[in-house]
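Heads up: the protein sequence lines correspond to chains A and B, in order. In terms of our numbering, the first sequence is residues 1 to 113. In terms of our numbering, the second sequence is residues 1 to 112.
No lab work stands behind these hints: they were computed from the structure. Small disclaimer: the values here were computed from a predicted structure and weren't measured. Wrong hints could be hidden among the right ones.
[Said to hold, decoys possible] When the alpha-carbon atoms are kept at most 30 Å apart in a straight line, the in silico BS3-like pairs for lysine-lysine are as follows:
#1 B:Lys-99 x A:Lys-68
#2 A:Lys-78 x B:Lys-99
#3 B:Lys-69 x A:Lys-24
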Amino acid sequence: DAGVIQSPRHEVTEMGQEVTLRCKPISGHNSLFWYRQTMMRGLELLIYFNNNVPIDDSGMPEDRFSAKMPNASFSTLKIQPSEPRDSAVYFCASSFTGGNEQFFGPGTRLTVL
Amino acid sequence: AQSVTQLDSQVPVFEEAPVELRCNYSSSVSVYLFWYVQYPNQGLQLLLKYLSGSTLVKGINGFEAEFNKSQTSFHLRKPSVHISDTAEYFCAVRPGFQKLVFGTGTRLLVSP
Chain A
1 DAGVIQSPRH EVTEMGQEVT LRCKPISGHN SLFWYRQTMM RGLELLIYFN NNVPIDDSGM
61 PEDRFSAKMP NASFSTLKIQ PSEPRDSAVY FCASSFTGGN EQFFGPGTRL TVL
Chain B
1 AQSVTQLDSQ VPVFEEAPVE LRCNYSSSVS VYLFWYVQYP NQGLQLLLKY LSGSTLVKGI
61 NGFEAEFNKS QTSFHLRKPS VHISDTAEYF CAVRPGFQKL VFGTGTRLLV SP
């Protein structure tokens, strides 16, 4: 079992550039979560999907952030345009619907200069 | 709304000593409770969970936690820590089938 796969593991970009983070959930899981972790704010849920449908995006900070899940095995989190304050580690997690354990990916460390 | 409080941002302890990491929550409905561990440069990993039944829950790596409904607490304990337990520990609650709400984390620092 490969677990949750995220790419890239590290991303360094300049302010104003578009950033796309990718996630492949565990096969068979039908809930997917995007989190952001910073020293200042801790671990924040940005958005989660169930059966590829966004259920709660109240944690998405602003319109510069968007997330999609075109199929059960792939999701993207896009930031356009990126800003230095978006620098953080972004985690993707997956679970069965209503499941009692979320499985986290290794994260993408984003640095916006 | 639900919230989780981890009062200790950092807990230093010597190897082989016991440790307790505190977690208190607030919720107007019944919740499920979780502890996750994050090792440096890694994602979160489930340590243990309380869903129902016995209030004393045992998890991986020798950790256990006790659910106390009257005190709305779910403290994590280990009788004897190892250097390898150095990590950040997150308490989380989930009301029913809704999303997880995480605490701010407690950094456990184990020194020789």
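Hints, one by one, checked against the model:
Distance check on the hinted pair: Lys-99 (chain B) and Lys-68 (chain A) sit about 18 Å apart at the alpha-carbon level, within 30 Å; holds. Distance restraint check for Lys-78 (chain A) and Lys-99 (chain B): the Cα-Cα separation of roughly 22 Å lies within the 30 Å cut-off, and the hinted pair is therefore satisfied. Using a Cα cut-off of 30 Å, the hinted pair Lys-69 (chain B) and Lys-24 (chain A) is violated, with the two alpha carbons roughly 37 Å apart.
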